Structure formats: structure tokens, C-alpha cells
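Full structure from sequences and hints, please.
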Amino acid sequence: MPLLLFPISPPCVPPPRPRLRRLSPPPPMAAVAPPSLSTPVTILPSVSVALPPLPPPATDDFHWLDLFAFLNSPADSYQIPVEEQEVEVEVEVEVGVERERERERERERARKAEHRRLRQRQVKAETEAWARAADEYRELEREMLDRRLAPALPYVKSLFLGWFEPLRDAIARDQEVQRRKRVKHVYAKYLLLLPADKVAVIVMHKMMGLLMSSKDGVASVRVVQAAHCIGEAVEREFKVQTFFQKTRKKSAGENDLALEKEQAKCRKRVKSLVRRRKLTEAQKIVQQEIELEEWGTESQVKLGTRLIELLLDSAFVQSPADQTPESSPDIRPAFKHVLRQPIVENGRLKKKHWVIECDPLVHEGFESTARHVEIPYLPMLVTPKKWKGYDTGGYFFLPSYIMRTHGVKDQKEAIKSVPRKQLRKVFEALDTLGSTKWRVNRRVHNAVETIWSRGGGIAGLVDKENIPLPERPETEDPDKIQKWKWSLKKAKKANRELHAERCDTELKLSVARKMREEDGFYYPHNLDFRGRAYPMHAHLSHLGSDLCRGVLEYAEGRPLGKSGLRWLKIHLANKYGGGIEKLSHEDKVAFVENQLPDIFDSATNPVDGNCWWMNAEDPFQCLAACMDLSDALKSSSPQCAVSHLPIHQDGSCNGLQHYAALGRDYMGAAAVNLVPGDKPADIYSEIAARVLDVVREDSMEDPATNPTASLARVLVDQVDRKLVKQTVMTSVYGVTYIGARQQITKRLQEKGLITDDKLLYEVSCYATRVTLDALGQMFQSARGIMAWLGDCAKMIASENHPVKWTSPVGLPVVQPYKKYKNYMIRTSLQCLALRREGDAIALQRQKAAFPPNFVHSLDSSHMMMTAIACKKAGLHFAGVHDSFWVHACDVDKMNQILREQFVELYSMPILENLLKEFQTSFPTLEFPPCPSQGDFDVREVLASTYFFN
Numbered sequence: 001m002p003l004l005l006f007p008i009s010p011p012c013v014p015p016p017r018p019r020l021r022r023l024s025p026p027p028p029m030a031a032v033a034p035p036s037l038s039t040p041v042t043i044l045p046s047v048s049v050a051l052p053p054l055p056p057p058a059t060d061d062f063h064w065l066d067l068f069a070f071l072n073s074p075a076d077s078y079q080i081p082v083e084e085q086e087v088e089v090e091v092e093v094e095v096g097v098e099r100e101r102e103r104e105r106e107r108e109r110a111r112k113a114e115h116r117r118l119r120q121r122q123v124k125a126e127t128e129a130w131a132r133a134a135d136e137y138r139e140l141e142r143e144m145l146d147r148r149l150a151p152a153l154p155y156v157k158s159l160f161l162g163w164f165e166p167l168r169d170a171i172a173r174d175q176e177v178q179r180r181k182r183v184k185h186v187y188a189k190y191l192l193l194l195p196a197d198k199v200a201v202i203v204m205h206k207m208m209g210l211l212m213s214s215k216d217g218v219a220s221v222r223v224v225q226a227a228h229c230i231g232e233a234v235e236r237e238f239k240v241q242t243f244f245q246k247t248r249k250k251s252a253g254e255n256d257l258a259l260e261k262e263q264a265k266c267r268k269r270v271k272s273l274v275r276r277r278k279l280t281e282a283q284k285i286v287q288q289e290i291e292l293e294e295w296g297t298e299s300q301v302k303l304g305t306r307l308i309e310l311l312l313d314s315a316f317v318q319s320p321a322d323q324t325p326e327s328s329p330d331i332r333p334a335f336k337h338v339l340r341q342p343i344v345e346n347g348r349l350k351k352k353h354w355v356i357e358c359d360p361l362v363h364e365g366f367e368s369t370a371r372h373v374e375i376p377y378l379p380m381l382v383t384p385k386k387w388k389g390y391d392t393g394g395y396f397f398l399p400s401y402i403m404r405t406h407g408v409k410d411q412k413e414a415i416k417s418v419p420r421k422q423l424r425k426v427f428e429a430l431d432t433l434g435s436t437k438w439r440v441n442r443r444v445h446n447a448v449e450t451i452w453s454r455g456g457g458i459a460g461l462v463d464k465e466n467i468p469l470p471e472r473p474e475t476e477d478p479d480k481i482q483k484w485k486w487s488l489k490k491a492k493k494a495n496r497e498l499h500a501e502r503c504d505t506e507l508k509l510s511v512a513r514k515m516r517e518e519d520g521f522y523y524p525h526n527l528d529f530r531g532r533a534y535p536m537h538a539h540l541s542h543l544g545s546d547l548c549r550g551v552l553e554y555a556e557g558r559p560l561g562k563s564g565l566r567w568l569k570i571h572l573a574n575k576y577g578g579g580i581e582k583l584s585h586e587d588k589v590a591f592v593e594n595q596l597p598d599i600f601d602s603a604t605n606p607v608d609g610n611c612w613w614m615n616a617e618d619p620f621q622c623l624a625a626c627m628d629l630s631d632a633l634k635s636s637s638p639q640c641a642v643s644h645l646p647i648h649q650d651g652s653c654n655g656l657q658h659y660a661a662l663g664r665d666y667m668g669a670a671a672v673n674l675v676p677g678d679k680p681a682d683i684y685s686e687i688a689a690r691v692l693d694v695v696r697e698d699s700m701e702d703p704a705t706n707p708t709a710s711l712a713r714v715l716v717d718q719v720d721r722k723l724v725k726q727t728v729m730t731s732v733y734g735v736t737y738i739g740a741r742q743q744i745t746k747r748l749q750e751k752g753l754i755t756d757d758k759l760l761y762e763v764s765c766y767a768t769r770v771t772l773d774a775l776g777q778m779f780q781s782a783r784g785i786m787a788w789l790g791d792c793a794k795m796i797a798s799e800n801h802p803v804k805w806t807s808p809v810g811l812p813v814v815q816p817y818k819k820y821k822n823y824m825i826r827t828s829l830q831c832l833a834l835r836r837e838g839d840a841i842a843l844q845r846q847k848a849a850f851p852p853n854f855v856h857s858l859d860s861s862h863m864m865m866t867a868i869a870c871k872k873a874g875l876h877f878a879g880v881h882d883s884f885w886v887h888a889c890d891v892d893k894m895n896q897i898l899r900e901q902f903v904e905l906y907s908m909p910i911l912e913n914l915l916k917e918f919q920t921s922f923p924t925l926e927f928p929p930c931p932s933q934g935d936f937d938v939r940e941v942l943a944s945t946y947f948f949n
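Position 938 (the sequence shown) corresponds to 938 in the working numbering; numbering is contiguous.
Keep in mind the hints are simulated off the structure, nothing from the lab. Given the structure is predicted, the values throughout are model-derived calculations rather than measurements. All residues carry an ideal CB built from backbone N, CA and C; glycine is no exception. Do not rely on the hints blindly, as some may be mistaken.
Stated by the list, open to error - The calculated DSS-like cross-link candidates involving lysine-lysine, where the alpha carbons are at most 25 Å apart (straight line), are: (1) Lys388 / Lys239; (2) Lys746 / Lys409; (3) Lys804 / Lys490; (4) Lys388 / Lys336; (5) Lys821 / Lys804; (6) Lys437 / Lys124; (7) Lys483 / Lys746; (8) Lys336 / Lys493; (9) Lys751 / Lys492; (10) Lys386 / Lys416; (11) Lys751 / Lys489; (12) Lys124 / Lys268; (13) Lys385 / Lys416; (14) Lys385 / Lys893; (15) Lys112 / Lys722; (16) Lys872 / Lys893; (17) Lys336 / Lys483; (18) Lys412 / Lys388; (19) Lys352 / Lys490; (20) Lys112 / Lys388; (21) Lys679 / Lys351; (22) Lys804 / Lys794; (23) Lys679 / Lys722; (24) Lys412 / Lys386.
Unchecked claim - Restraint-style ranges between C-beta atoms, simulated for each label pair: (25) Ser213 / Glu617: 53 to 61 Å; (26) Lys492 / Lys679: 40 to 48 Å; (27) Glu617 / Pro676: 22 to 30 Å; (28) Thr920 / Thr705: 54 to 62 Å; (29) Gly455 / Ala704: 50 to 58 Å.
Next up, the structure:
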């Protein structure tokens with residue numbers, strides 16, 4: 001069959017084309033007539049064209065004409081079939097996925113390596129703190145001997161260095177004497193358990209820490225308190241170090257070679273496990289082998305007293321002032337053993353007692369001491385160990401207990417006796433709180449350090465300068481002299497309090513400096529006997545003051561989102577305070593938007609700018625919010641800005657909220673925002689208004705017929721929300737009349753309008769009576785429940801049993817109030833009076849404390865339930881009793897969760913269950929029936945915007 005060809009120029013060469021790879025045959029093509037050409041068509045008889053071998057036809061309808069057209073088409077028109085394209089895409093996707101998996105594996109390996117490194121650092125921090133301090137002092141001693149010159153050290157550290165060698169040598173001599181004695185002192189076996197240098201460091205640092213923490217500001221501590229603290233620290237260090245020292249001191253009976261080999265083998269295994277990072281297995285062996293029996297208070301005190309005695313004989317200071325080459329050096333003891341005479345303090349008689357008091361030269365250096373004092377139980381660098389029992393959880397090797405029992409046996413036995421399954425929610429809640437990762441907010445910390453270095457005194461920081469003492473008047477008028485003495489006494493007391501505050505601030509900043517460069521850290525939590533959770537670290541935590549909360553933030557950030565940006569503005573308004581916190585959410589947002597120039601200035605130049613944030617009620621938290629909001633609004637997309645700031649949602653007088661829910665009291669519920677409203681109800685302002693009405697009425701009376709009229713006239717211009725807030729807040733927690741009077745007295749002193757002490761006392765008594773009466777009228781249902789709880793407690797305590805109950809999350813609660821017995825022990829320093837728990841129940845304390853303790857167990861249950869639910873929802877949760885914290889973007893979700901958990905909590909018959917538990921435990925007692933309930937529907941909380949806000 002002849003072929004129709006287009007005219008081509010000789011030589012006839014086929015167009016170049018790439019080699020075909022597994023091509024499918026081209027689709028069928030329609031034959032078309034050739035175009036009419038002017039040039040005649042030439043038919044070639046036989047032209048041999050070198051064509052590549054043709055692929056075999058894949059279908060029956062294949063035509064050679066189709067193939068010819070396909071081969072003569074342009075090269076760039078060749079198309080790889082769809083099937084092959086899909087294969088290649090799949091291969092590329094698989095390669096990309098594999099590469100991403102490899103990168104993820106690399107990141108995971110890096111994360112694990114970093115976690116191992118941090119875990120090892122944590123173990124060293126828990127087990128080697130005192131050893132490192134001793135090594136440092138030994139190194140400084142060698143440096144001093146080599147150079148024959150004292151190293152340039154901070155003042156307090158130079159004191160430590162001067163005391164270290166003589167105290168260490170004195171302890172070593174005493175240890176040697178006790179080893180040689182046949183009849184040893186009671187403390188001897190404990191004194192020999194640690195090296196002398198380590199014991200010396202513990203004694204110095206513990207003594208200085210106790211003196212710094214002294215709240216009276218006179219730098220003294222009771223002998224019995226200091227002795228117990230030092231003895232307890234030595235015991236704790238011994239238990240931690242038993243399997244981490246090279247040699248072990250053995251008593252005279254430990255001569256069995258087989259036993260010695262077994263112990264050496266056990267120590268070797270523990271060290272091997274620690275090197276391989278198998279800390280859980282190492283911990284199990286340590287717990288099995290270590291001497292876990294308690295030393296007991298008496299042994300701790302006897303050991304501590306002996307060590308204090310050695311410190312008194314070894315530690316000296318030398319005054320640098322008024323020294324001439326001819327005069328003898330003024331060297332005197334750094335610490336003195338002093339008998340304090342009876343004094344009246346806060347209306348109470350303090351009996352005479354022995355104290356350890358430091359020299360003024362030591363006292364002067366306290367404010368710079370904190371950074372050089374070893375602080376135990378610092379925040380952890382890795383996630384705390386999960387709680388699994390009474391003493392299993394928290395820190396890896398430092399002794400950790402799930403409940404702070406303070407030596408009360410009933411509490412310890414109660415928590416140990418319940419099945420682990422019953423405590424599952426408690427364990428889970430504590431693990432949730434401990435797994436929240438924190439970090440230091442460096443910008444806020446920089447501002448704090450700058451203000452502190454300039455002398456403090458602003459933004460809530462204590463002033464570094466003392467109040468000047470009044471000069472003695474140049475008269476012998478006894479009234480003026482007496483007035484001067486009172487003024488002098490008040491000024492000295494104020495200065496002592498300022499000094500204690502400065503020491504406390506230094507401790508907080510010391511921890512912030514240590515943790516500043518860490519990427520993140522964690523706070524292990526445990527409970528008090530009522531179930532309230534607390535961080536185990538004592539100084540810098542989110543449970544602390546505005547300074548602590550402002551310096552801390554979440555280590556992991558989250559994008560704000562639209563709702564998060566709104567909540568950040570509301571949070572800033574709440575922290576500014578000054579009445580702004582009582583506005584509606586929309587008004588708070590409007591307030592912040594009107595203050596944006598000041599907010600930007602505060603964030604950019606916090607110390608030397610306009611300092612708008614310093615006027616806030618919580619200045620450092622306000623500053624942190626200003627910085628976070630400024631960063632977001634200045635970014636290209638504010639809603640995508642990453643925020644690390646925890647946003648708070650606080651209960652509105654939470655104790656009264658629980659009482660209103662218990663009694664289904666609609667009036668009380670409306671007063672504390674359990675009922676939906678357009679703006680937040682303010683119970684403190686309402687009580688203040690009631691108090692003001694009564695005071696105004698009394699002030700109109702004739703003083704001759706109404707003795708309170710004159711007091712009311714003095715008080716009438718000073719009644720405000722702040723005057724009554726603390727009393728209202730603590731009324732449901734069992735505040736007494738005396739306690740409420742002291743609270744109101746302090747508020748009136750802050751106003752400074754009443755200078756006469758006698759008049760201040762009388763006005764405070766009057767204001768307290770009026771405030772408590774107003775509370776009783778407004779919350780009658782709460783008063784009824786409190787009275788019922790008190791009656792039940794009195795009946796139980798009358799049987800000489802402590803009040804016990806089980807919280808809604810399964811935690812057994814035992815009130816620890818018993819009558820204590822005093823007994824004397826003879827120590828090397830003096831005879832000391834110790835207290836031991838007696839068998840008799842303190843009836844009045846059991847009755848008075850039960851209502852507030854029961855409500856605390858309910859608010860702690862609500863917090864734990866919320867923490868667990870937030871964890872399941874993927875939220876980073878932190879809680880401080882009745883204040884719940886999450887990222888800004890998660891506030892709406894947490895608000896829904898905490899309301900649902902509150903409804904779930906009060907869907908339980910709480911008072912009925914409590915009565916059944918009492919009746920089961922005491923079947924012979926006739927308890928009164930539960931108080932009647934109102935008609936409030938607790939589900940209304942779900943729609944209440946300001947329940948927590």
C-alpha cells in the first residue's frame with residue numbers, strides 16, 4: 001500500500017527524538033486529507049529511513065498511520081502516560097515522607113539526648129549540692145594558701161569561707177572522740193554518718209537560711225527550731241547519699257566479709273544503673289537498702305544542738321571599722337546563745353525562750369546572702385516523677401511525700417491505708433500540675449533587677465533604705481518622752497519588717513537568677529491535709545507574690561487567635577485593677593484599647609519611660625501583659641502572635657460560691673456570680689455599702705445616748721471596698737472576731753488617718769462588729785451550713801476522735817488538732833522543751849476548724865477535677881486554689897470545662913454523703929439532719945460569664 005508523504009527536502013532524515021521509555025501506543029488518530037500544495041508530490045520508489053524498532057501493538061485497533069504521525073510529531077509534544085506520572089509522584093511523595101520521618105527521628109533522638117542530659121543534671125542537683133559547696137570551699141582554701149592572699153569574694157561568702165575550716169575541724173575532732181568512746185552520746189551514731197566538711201556546710205547554710213527567714217527582723221531563731229531543722233537536713237542528706245559515697249561507715253558489728261561483699265556489689269550495681277540513666281531501677285534498690293526508719297524529733301534535735309554548739313565555738317567576725325595598727329583586733333563571736341525575756345506581741349504573751357542571735361556584722365550582710373546560700377528543692381529541670389504512693393513521686397532522690405503531715409500520725413496512716421485506686425484522681429491531678437513547663441520571663445526579670453539595683457521602693461518592691469528613727473525630744477516632759485518611745489518602737493519594728501521583706505525578695509531573685517538561662521523547669525506539687533495543692537519549692541513559684549507571678553511564664557507558647565487576643569486585653573485590665581476589674585469584659589477591652597500608647601511605652605521602656613504599669617495593683621503581672629500585648633499588636637498578624645503568658649480566671653469569693661452551691665441559696669448565688677449577669681456582681685462592694693449605711697446612721701446619733709456615734713463619725717469617711725474585702729473573703733474560712741479586727745486595723749493603719757492607738761483599736765472593734773453583722777444578714781444559708789458542720793464536729797470530738805471525711809476526689813482528710821504534751825530533753829547546749837502529739841482531742845479547735853477545712857477540701861476537689869479535664873483537652877493548666885491559669889487561646893475552653901466540673905461536683909449529694917460517712921463511723925451518735933436547701937439550680941453556672949473571670 002503506497003504511503004502519502006509530505007514534501008521534504010533531501011536528504012530525508014527523521015526528526016530527532018529522545019529514546020522512548022515504556023510508552024503506551026498513541027491514541028487512535030483520524031486520517032485527514034493532505035493539504036493542496038502547489039509543489040507536485042514526488043513518490044519515492046524506495047527510500048530507506050533508519051527508524052528505531054517499533055513497539056509491539058498493545059491493542060487490536062492499532063494502525064501504522066497512527067504510529068507514523070506519532071513519530072513525526074515534535075519532540076516536546078511527547079507526553080509520559082498518566083499511569084507513569086502517578087508512579088513517579090508516588091515515589092517522590094514516599095521519598096519526601098521518608099526524609100521527614102528521618103528528620104523527625106533525628107529530632108526525637110536530639111530530644112531524648114537533651115532529656116537525658118537534663119535528667120542527669122537534676123540527679124546531680126539533688127544528690128551533690130552540699131558536696132559541691134564543700135569542694136568549693138576547699139578549692140578556695142587551696143587558692144588562699146597558694147597565693148598567700150585572701151580571694152576577692154562577696155562579704156557573706158568570705159564569712160562562710162572563714163567559718164568553714166574551723167567548723168569542719170571541730171566536727172572532725174568530735175567525730176574522732178565519739179569513735180573512741182565506749183559509751184557514746186545519743187547523737188554520736190548520727191554525727192558519724194557524713195563527712196565533716198559536708199556537715200559543716202549544712203550547718204552554716206541552714207543557720208543562715210533560718211536567720212534570713214526570721215519574720216521578726218531581729219535575726220534570731222529559737223534554739224529548738226534551729227536544732228530540729230539542722231538535724232533534719234543531716235538526716236535527709238544521709239539518706240540521699242548513702243548509695244552515692246565511695247565508702248560506707250560501718251559499726252563495730254559489721255565485720256562479716258560476706259555482708260561487706262554483698263553491700264559493695266549492691267553499690268556497684270546502683271552506680272552502674274545511674275551511669276546508664278536507669279534511675280527508676282536505681283531508686284528501687286536505694287529504697288530497698290537505705291535506712292528508711294525515721295530518726296525521730298528527739299534524735300534530730302540532739303544532733304542539731306551539738307552542731308550548733310560547735311558553730312558557736314568556731315564562727316567569728318572581725319569589725320573592720322576603727323582599727324588602728326596599735327589596737328588589738330575586734331574579733332567577736334558571729335552567733336550568740338541568748339535568753340529572750342517574756343514580751344507581749346500582737347496581744348499575746350510570748351514566754352521566755354532561748355534563741356540563737358547573730359552579730360550585727362552578719363546581720364548587715366543578709367540582704368546579699370541569698371545568692372550564696374544553698375536552696376534545697378529547687379524547681380526541676382525535667383518532668384517530676386509521677387505520684388504512685390505516699391512517698392513515691394515528685395523529686396527523684398530528695399525525700400518527697402504526697403501530703404504535708406508535719407509528723408501527724410493519723411494523717412499519714414489515713415493516706416497510706418486507702419487503696420491506690422481510690423487516689424487515682426489525686427495522683428493524676430498532681431502529675432498534671434507538675435508537668436506544666438515554666439521559664440523565667442527575662443524582660444520582666446531585667447526590669448525587676450534594674451529597679452532593685454536602684455534601691456527598690458517602687459512597683460511593689462520593698463525599699464532598701466530603713467525608716468529614719470525619730471530623735472529624742474529636748475525636753476523632760478514625760479508625755480512627750482513616752483510618745484517618742486512609742487514612735488521609736490514602731491520605727492524599729494517597721495525596719496525589722498522591711499529587713500525581713502528584703503531578705504525574702506533576695507531569696508526570690510536568687511532563684512530567678514539560677515533558673516534564668518534554663519529553657520524550662522517544672523514544679524513538683526504535693527498537698528496539705530485538706531487536699532490543697534502547693535509547689536514543693538518554697539520561694540519562686542506561681543503561688544507567690546506579684547513579683548513571682550510577673551517573673552514566671554509558660555515555657556511553651558501558643559498562637560493567640562481571635563479569642564486569645566481579647567482575653568489578653570481583659571487580663572491586662574484585671575491586673576491593672578483600681579476598679580477596672582469590676583467592669584464588664586467589653587468595658588475592660590475598651591479601657592485597654594484607650595491606653596495603648598501607655599502600654600506600648602511600658603513594654604518598650606519599662607523603667608525609664610512613663611511607667612504607666614507601676615500604677616497597677618499587680619504591677620509586674622501588668623508589665624508582663626503589656627509586653628505580650630505590645631508584641632502581638634506590633635506584629636503583622638496579631639492573632640498569629642505566640643504568647644507565653646498564663647491568663648488567670650479567678651473565682652468570685654470562691655468560699656461563698658461553694659456555700660451557695662451547697663445550700664442551693666439563690667440570693668447568695670447571685671451575690672457571688674453563680675447566676676448569669678450583664679456585669680460581675682461584687683460582693684465586697686455590696687458588703688461595704690451595707691456597712692457604710694449602718695455607720696452613717698450611727699454617726700447621726702447623739703454620742704451622749706449612743707457611745708458608738710463618735711466612733712462612727714471617725715469611720716464614716718474611711719469605709720470602702722478594701723476595708724472589708726479581707727474580712728469578707730476569710731469569713732467563710734472561720735475567721736474569728738479577733739482575726740477580723742486585726743485585718744481591719746491593718747487597713748485603717750494603711751490609710752494613716754487615725755494616729756492615736758487607743759482610738760484606732762476602738763474604731764477597729766466597731767467596724768469589725770458592723771462588718772460581721774452585714775455578712776450574717778446576707779449569707780444566712782452559709783451560716784446555717786457552717787453551724788451544722790460545727791455541731792457535727794463537736795459531737796465527734798466529744799468522743800475523743802478527730803473529724804475525718806473523704807473528699808469528692810477520694811482523698812481521706814483527717815483534722816490534726818490534738819492536745820500536745822511537753823517534755824524535756826537534755827542536750828549538750830541546754831535543756832530543751834519538745835512537744836509530742838498526745839491522745840486527747842482539742843475539741844474547740846476541731847469544731848472551729850471543720851467548716852473552713854471542709855470547704856477547702858471542696859475547692860481543692862474542683863481544682864483537681866478541672867486540672868484532669870484540661871489535661872485531657874490538651875491544655876497547659878496551672879492552678880492556685882481558686883485561680884485557674886491557661887494560655888490565652890485556651891481560656892474559652894477552660895471556662896467551659898471548669899463550669900462543667902463545678903456542676904458535676906455539686907450534682908453529688910455532698911452533705912448527704914458526709915452525714916452517711918459520719919453515721920457509718922459513729923453509729924451510736926445522733927447527728928442532726930442536713931440543713932434545708934433552697935431552689936437555686938446549679939446548672940445556671942454554665943451560662944454565668946463572671947462565675948470565674
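Hint-by-hint comparison with the structure:
Of the pairs offered as hints, the one joining Lys388 and Lys239 holds, with about 20 Å between alpha carbons and a cut-off of 25 Å not exceeded. Among the hinted pairs, Lys746 with Lys409 is inconsistent with the structure: their alpha-carbon atoms are about 37 Å apart, more than 25 Å. With a CA separation close to 44 Å, the supplied pair Lys804 and Lys490 exceeds the 25 Å bound. Between Lys388 and Lys336, the direct Cα distance comes to roughly 45 Å. Violation of the 25 Å bound is thereby established for this hinted pair.
Restraint check: the Cα-Cα separation between Lys821 and Lys804 comes to about 23 Å, which is no more than 25 Å; the hinted pair holds. Of the pairs offered as hints, the one joining Lys437 and Lys124 holds, with about 20 Å between alpha carbons and a cut-off of 25 Å not exceeded. Distance restraint check for Lys483 and Lys746: the Cα-Cα separation of roughly 21 Å lies within the 25 Å cut-off, and the hinted pair is therefore satisfied. At roughly 21 Å between alpha-carbon atoms, Lys336 and Lys493 fall within 25 Å of each other, so this suggested pair holds.
Pair hint Lys751 plus Lys492 holds up; C-alpha atoms about 20 Å apart against a cutoff of 25 Å. In summary, the hint linking Lys386 to Lys416 is supported, as the alpha carbons are separated by about 17 Å, within the 25 Å threshold. For the hint linking Lys751 to Lys489, the alpha-carbon distance of about 20 Å falls within 25 Å, and the restraint holds. Proximity of Lys124 to Lys268 is assessed by CA-CA distance (about 18 Å); at most 25 Å being required, the pair is judged to hold.
Pair hint Lys385 plus Lys416 holds up; C-alpha atoms about 19 Å apart against a cutoff of 25 Å. Annotation: proposed proximity of Lys385 to Lys893 is violated, straight-line Cα distance about 28 Å (limit 25 Å). Restraint check for Lys112 and Lys722: not satisfied, since their Cα atoms lie roughly 51 Å apart, outside the 25 Å limit. Taken as a hint, the Lys872 and Lys893 pair is honoured in the structure, with Cα atoms around 12 Å apart against an allowance of 25 Å.
For the hint linking Lys336 to Lys483, the alpha-carbon distance of about 32 Å lies beyond 25 Å, and the restraint is violated. Between Lys412 and Lys388 the CA atoms are separated by roughly 15 Å; this keeps the pair inside 25 Å, and the hint holds. At roughly 22 Å between alpha-carbon atoms, Lys352 and Lys490 fall within 25 Å of each other, so this suggested pair holds. A hinted pair counts as satisfied when its Cα atoms are at most 25 Å apart, and Lys112 with Lys388 qualifies at roughly 24 Å.
At roughly 52 Å between alpha-carbon atoms, Lys679 and Lys351 are farther apart than 25 Å, so this suggested pair is violated. This hinted pair checks out: Lys804 and Lys794 have alpha carbons roughly 12 Å apart, not beyond 25 Å. For the proposed pair Lys679 and Lys722, the alpha carbon gap of about 20 Å is at most 25 Å, so the pair holds. Restraint check for Lys412 and Lys386: the C-alpha separation of about 19 Å stays at or below 25 Å, so the hint holds.
Between Ser213 and Glu617, the C-beta spacing of about 27 Å breaks the proposed range 53 to 61 Å. At about 47 Å, the CB distance of Lys492 to Lys679 agrees with the hint of 40 to 48 Å. Separated by about 27 Å at the C-beta atoms, Glu617 and Pro676 satisfy the suggested range of 22 to 30 Å. Against the hinted window of 54 to 62 Å, the Cβ-Cβ separation of Thr920 and Thr705 comes to about 57 Å, which satisfies the hint.
At about 53 Å, the CB distance of Gly455 to Ala704 agrees with the hint of 50 to 58 Å.
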